[in-house]
Structure formats: structure tokens, C-alpha cells
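Enquirer: So the chains spell out like this:
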Amino acid sequence: MSGANGIPAERLVELYSQMVRIREFEERVKRTFAEHPGVIRGHTHLADGAEASIVGSVGAIRDGDQVFATYRCHGYPIALGSDTAAMMAEIYGRAGGICKGYGGSMHLADPARGFLGTSGIVGQNIPQGTGAAYAAQLRGRGEVVLTFFGDGASKQGAFHESLNIAAVWKLPVVFIMENNSFSATVRTEQEDANAAAGEPLSMKAKAYSIPGVTVDGSDPLAVHEAVATAVDRARAGEGPTLIESLVYRLSAHGNSIAPPGVPLHYPEHEAISKYGAVEEYEAAKRGDPIPRFRAHLVETGALTAERAAEIAQAAQAEMQHAVDFGLESPFPEPHEALTYVYA
Amino acid sequence: MSETHETTYAAAVAGAIGDAMRVDPTVFVIGEDVTAGGPFTTTAGLVDEFGTERVLDTPISEAAICGIAVGAAQSGLRPVLEIMYIDFITLALDQLVNQAAKAHFMSGGQLTVPMVLRTQGGAGHRSGAQHSQSMESWLTHVPGLTVVMPSRAVDAAGLLASAIADPGPVVVVENKTLYFRKETVPACIEPVPIGKAAILRPGRDVTVVALSRLVHEALAAAETLAAEGIEVEVIDPRTLVPLDLETILESVRRTNRLVVAHEAVQHGGFGAEIAAAVQHAGFDDLDAPIERVGAPFQPIPVSPHLEDAYLPGAAEVRAAVLATLGRSDPGADLTSH
Chain A
1 MSGANGIPAE RLVELYSQMV RIREFEERVK RTFAEHPGVI RGHTHLADGA
51 EASIVGSVGA IRDGDQVFAT YRCHGYPIAL GSDTAAMMAE IYGRAGGICK
101 GYGGSMHLAD PARGFLGTSG IVGQNIPQGT GAAYAAQLRG RGEVVLTFFG
151 DGASKQGAFH ESLNIAAVWK LPVVFIMENN SFSATVRTEQ EDANAAAGEP
201 LSMKAKAYSI PGVTVDGSDP LAVHEAVATA VDRARAGEGP TLIESLVYRL
251 SAHGNSIAPP GVPLHYPEHE AISKYGAVEE YEAAKRGDPI PRFRAHLVET
301 GALTAERAAE IAQAAQAEMQ HAVDFGLESP FPEPHEALTY VYA
Chain B
1 MSETHETTYA AAVAGAIGDA MRVDPTVFVI GEDVTAGGPF TTTAGLVDEF
51 GTERVLDTPI SEAAICGIAV GAAQSGLRPV LEIMYIDFIT LALDQLVNQA
101 AKAHFMSGGQ LTVPMVLRTQ GGAGHRSGAQ HSQSMESWLT HVPGLTVVMP
151 SRAVDAAGLL ASAIADPGPV VVVENKTLYF RKETVPACIE PVPIGKAAIL
201 RPGRDVTVVA LSRLVHEALA AAETLAAEGI EVEVIDPRTL VPLDLETILE
251 SVRRTNRLVV AHEAVQHGGF GAEIAAAVQH AGFDDLDAPI ERVGAPFQPI
301 PVSPHLEDAY LPGAAEVRAA VLATLGRSDP GADLTSH
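Residue numbers (the UniProt record's numbering), protein chains in the order written: chain A, 1 to 343; chain B, 1 to 337.
Misleading hints may appear alongside valid ones.
Partner residues are not named here, just some residues of chain A that face chain B (Cβ under 10 Å, in silico) [claimed, not checked]:
#1 Gly104
#2 Leu108
#3 Pro111
#4 Ala112
#5 Gly120
#6 Gln137
#7 Asn164
#8 Thr185
#9 Val186
No lab work stands behind these hints, which were simulated from the structure alone.
Every residue, glycine too, gets a C-beta built ideally from N, C-alpha and C.
Just chain A, same shape as in the assembly:
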């Protein structure tokens, strides 16, 4: 684990607490499939295993900065302070949802907190983050944009086009690639030329003459340091950085997909179901970033076991409330389906 780099103990505990809350929120999403069958339909994608990367990144920005993400998007708004009850209601398709039930799990947005939305299309948000960075550059107030995406998105043309433009225009954007080793079920080294050659994906930055950094995404402090450096560079007008954050997705790519009436569930992880790599998956679970960070904080005296238990309890209570709120929230009226087509 990296050093705290002058981050006060209380702030470290706050970052830990955010990780716990994100995990608990997503555990409740997952449990909903079993406990309340039929309440969630369609698609959900969980970020368990990436919590350290999410809070380390979002923790490095300030008010006025903006965030774009891909469809694996529950963690970012939690780290930005969004209302988890409204988020759960959104995933349940309810009128009390953060997007009133129009977006769902893959399309959370909370522009009031700088979360400008997500894309269900892989890589689509990368140029959008670049455009918001142009807006920030024009405003001239030193604001930056983080745009998150997976390793798979780096094979889209939009990724390469955006890095090129952001580099030429020196835009205040940080491209954060969460490399979770799989594009749905395909291993990165099967579909990425750098990975196939045994090289880090961050070397793609070289093609655009910008810094490219690979960081241990299970270490929130390492991620924080890398992102803070990139953010400083962006604020100073020196342009973008590509950060490859190595994470291991602990759940399958997404829930099973079936028509209404057929129960949905989270299938076994692809590492096991497709590749039979049981030990690889077990090792990833042993490396779970949350207990790892907790142990570090306890070891360094920033956190006591009692405080850790309180944080866990508070997260459980918060997410129980989120589930209750979601279940009690009414469905949108059918006639409301036609609103918001035009502004």
C-alpha cells in the first residue's frame, strides 16, 4: 500500500467509508435479484473490486470538476455524494429515481454534483468528457474532467480520436481506464495488441505524446496519487493523461439477460465459467481492496476496529434504507413515458 502522502487520517477514513458504501450498495443490487425477484429487469453491471480505484480517483478532484463514466457506473455518484436511495430507486425503475426511472442502472446522472452521465455504448463517453474539458478550458476557472472507461473501450475509434484531440488542444481531462482484464468474457490479451505483447495498456498514451501511467487499482492511495498528479497537470494547462488502473472485477460482467417473467441472477464469474481459472479468481478475492485498505488503516492507526464496525453498520443501514425507499417508490405514470423527449 502506498503512503498517505499527507492525506489527513480523517480523509483516509472517509475514502474507506466510501469504498464500504459502494460495496454495500452493489451487494444490495445483487441481493435484490434473489430477495425481490422481478424488481430489477434489464442490465446491471457491478464494480466490486474497483472501489479503491473509484474513490482514489474521485477523491482527487474538487467542486466544479466533472465526471463521465461508462455503464459500470454505480460507484462514481456515491463517491460524489449522490443520494443512494434515489440511485437504488432508479435501478428499480421508480419515479423516485435519480433520473425518475428514465435511465436505469446503466444511465445514472447527477449533474448537480458534476456527474454528467454515462454511456451504455462502450467508449462513447470518452469524446463527451473531452468536450466537457473544452468547455472547462474556455471557462478558464481551472476545472478538470475525469472520464472513466474500461480496457475494452480502448479498442474503439472514439478513444483514439479523443486522446489525439485532447493532446493537441491540451485539454484538462484525465482518461482513466479501469483495466479489469475482461471485455465481458474475452481476456484482454486476446483482444489488445499491447496486452498480447505483454506490455501495459497505458503505453497507448505514447501514440499521442501524453503521459501514460499504470497503477495498482486496488490501492486507493496509489490511484489517488496518480490521478492527483494528472489533475494538477490538467489544471496547469499541460493537457491530458492516460491512467491505466489495474482492477479485478469480482462479479460477472453483468446479470443474466432474459425476458420478463424469467428470474434474473448473477452468473458465475467468467474466469471460472469460461476459463476454469478457479485459483486466479480466488486470489483476486483474497486481494479484495476493501479488507486490504482497512488492514492498512488499522495498522497505521488511522482507523480502529470499532470505527470500522460502525462504518460497516452505517453503510448497511443506509443501503437498507435505499432498498426500502426503492421498493416503496411509485412507478412512473405510463403517460409520463413521452416527457423529456425534447427539452
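Mind docking chain B on chain A? Use the hints.
Expert: Chain B in isolation, oriented as in the chain A frame:
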């Protein structure tokens, strides 16, 4: 009488963008070669007044520049994006269709995308199959997009002003063969409301709804038909989405005959939507089947002789008008259709 002056469609476009940039610092221009004015001078001179901070030449990256416009719009700016040829819009469609058109909806009204995507289509320049298409019906099929298609300088400027002020994404489909047509316009062009058709020639016998370049072809056909005692009413919808169906229906109530004319391939073209809407809402007013004029179902050839044969024009409009009256046109060469 207010003052008038002579201008061109292209100059009117540049003028409208400049007017908007002067009063609203959030308006900016982004596209390929826009500081040089683009291939048709539609952004000429803007960089001199507003600088390279607000008039941005981009790499040839249509997906990214459309996405940049979307993200900038979501972040509070009003981009005026140029996609140089509508044929290239295929590269930008993910950003336009999957995000620009849906962000307001998917966010439950929290996000808005006040962007304008200007582009131009149309054959007639011997530019071949990838620089000549009329693809407006690809865009009119997307809920969330507003689509305007001006045929005259005064509408090009007036609709562009309204498009830039609009809170949502608006696609402006211009036409390359109209850019240097001279037109007398008011010294100060007023914004043209989106969703309002214009009756450009009144007539009692047959209604012709024409789009873009075909408006001028329809007016030419109407002129020759008038000499033969047939009075054609020519309507330019100007906006395709939302369509001013009421103006068309009101006309059909008087004429009882309708021709829909556009340069796009007839098969699956926007004319089919107009025809279906009119036959449903105005069935009792129709005395003849609705006639459609459009291009044949084929890519656009580059050879001048082939392109001329491909392009629908005044002769096809004339034949369609006569068909609604139950007359054939012995003078027409319809071999290409």
C-alpha cells in the same frame, strides 16, 4: 418597406452564426477546416472576429468531434458543429443518435444538449456516391432530434438562429447546390420558428410539398404548369421534425391532390412519412392517390450523364402533378424512373 439586400445561402449561414456568437459567448464553431470557411465558405470570416478559441479546426475525427460537441453542450456551451458532407455523418451517428438525442430523456430531464449539427447533402456536383447523398430520413427517424432542411437563404439563416437558441440537439441539413444561389433578403433576418412550414406559391389545383433543392424545382414546374392553366401550391415544410402537418392538411383540403418531392431515394424517404400522415388525417380530402417524387433506389453515379439522369427535378414534379390530375405528360422523359 424594410431594407433588403442581395446575399447567398452560404453567406446567410455564416452571417447567422456570427450574429449568434456576437450575442452569446457560449456559442462556438467546431469542424474540419472551419477556420478556412469550409469547402463552401459557410464559416468564412468567423475566425477573424472570434479567434481560434471559438472557431475550432479539428482533426478528421467525426465521432470524436460530435462527441465533443455533445459533452460541451452538456457542460453549458452551445456548439455549432459542422459535418462537412452528410455522407460522413455515419461516423458521428453513435454520438448523435445514442447520446445527443437521448441524454435529456435518460437523465429524467436533468441534462440538456443544446447543440447544432450543420451538414450539407445533395447531388449535382459530380461528387459521386460518397459526397452527394440526401440522408435526412436517417435523422428524422430518431426521437429527440429536431431536423430542419432550409431551401432558401432567408430560412437557412432564420432557422439556424432558432436552432442555436434551441435547448435540444438540432440537425440543419443544407444543400451544396443552393449555397451560391443569389437571393434578396431583409437587411435583418428574423429567426424562423422551428416547426412552421412556408407556402411559397399559392395554388388551387394541386399541393406540392417539396424539400430543399426540390423546392426550387417545384416552383419551376409550377411556373410552366400555370401557363397551361394548372395552379400548383408549393409548400416548403422547412422543418421535418417536428413537421407542420396542419399547413399541409389545410392546403390539401383546398386542392384535394398532393405530390411529395425530395431528392433523397424515394424508398423509405421522408416523403413516405408525409404521404402516410396526410392519407390518414386527410383521407376524405384526397381525390387522387398521393404521388411521390424521389431518386431511384441506387447509389449516386459520378458521370455527368448518369448523375443528370439520376437526379429528380422539375420534370418529375411536373409529371407527378399531372398524374394526380389523371393526365399523362407526353413531353416528359421518365425513363430513369
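Enquirer: Honestly, which of those hints from before does the structure not fit?
Expert: 8 and 9
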